[in-house]
Amino acid sequence: ETGVTQTPRHLVMGMTNKKSLKCEQHLGHNAMYWYKQSAKKPLELMFVYSLEERVENNSVPSRFSPECPNSSHLFLHLHTLQPEDSALYLCASSQVGRIDEQFFGPGTRLTVL
Amino acid sequence: GENVEQHPSTLSVQEGDSAVIKCTYSDSASNYFPWYKQELGKRPQLIIDIRSNVGEKKDQRIAVTLNKTAKHFSLHITETQPEDSAVYFCAASIGSNYQLIWGAGTKLIIKP
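As given, the protein sequences belong to chains A and B, one line each in that order.
For reference, each letter of the first sequence is one residue, going 3 to 115 in this note's numbering.
For reference, each letter of the second sequence is one residue, going 6 to 117 in this note's numbering.
Computed cross-link-like contacts, BS3-like style, restricted to lysine-lysine with a CA-CA straight-line distance of at most 27 Å:
#	chain 1	residue 1	chain 2	residue 2
1	A	K38	B	K112
2	A	K42	A	K21
3	A	K43	B	K76
Hints in this document: simulated from the structure, not taken from any laboratory.
Here chain A stands alone, though its shape is the one from the complex (with noise of 0.2 Å):
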C-alpha cells in the first residue's frame, strides 16, 4: 500500500500493556498528525509535527506518547490505557500548513480490555 501506511491494523491490549502505533508516509510531505476517531463523534486530533518537531498537543492524556523521529514516520506508544481508548487511531500527512492536502492512513483499530 502506498501513501500512508499504518501498523499493526487491529490491535488488542489490557490496561496493563504497553504497545505502540506506527505510521509511515511516501508522499515526502513534513508534517504528521495523529488523530482519535470513535464512533458517532468529531474526529479528535490528538498530535502534530511539522518538520520533526511537535506543533500541537490537545490535552492528550499521558498515556499517548508521540514520537517522530524523522519525517516519513510517526509513532504512538500506548501504556495503561483504559476502556474508553478503544478506538480508531488515524495517521495523515500533508506538506507544512497544508491542511487542504491532509492524506490519511487506514487507521489502526484498538480495542483496550
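Got chain A sorted already, so can you dock chain B onto it with the hints?
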C-alpha cells in the same frame, strides 16, 4: 469553543435520488471547508472542498454550497449510486495551520 454541527446523523435515500448533508460552524474566521468520505473500514478521503471566497463548487455529481452569513455549508450528491454509501464528514478551518474542527459524520445509505 469552536464547533461544527452536522445533520442528519443518518440519511437513507433511494438510488437515483439526491442527498443533502448540512453543517453549521461557529468560528466566523473559518475560511476553508472540506468534505471527506469514509467507506467502511477505509481511510477518510477528501471529495470536495470550498473556500470562503466562493459560494458554490461542483465536481460531477457532488457540489458544496457555502453561506457565510448564516455560517453553514452543505454537501449535495445527485443521482446517488450504491458506491456513494459511506460516512461523510464536514470540517471547518480555525486559526491554526494544522487543525480542522470536524462534524460528527453522516452515515449515507443508498437503497437499491
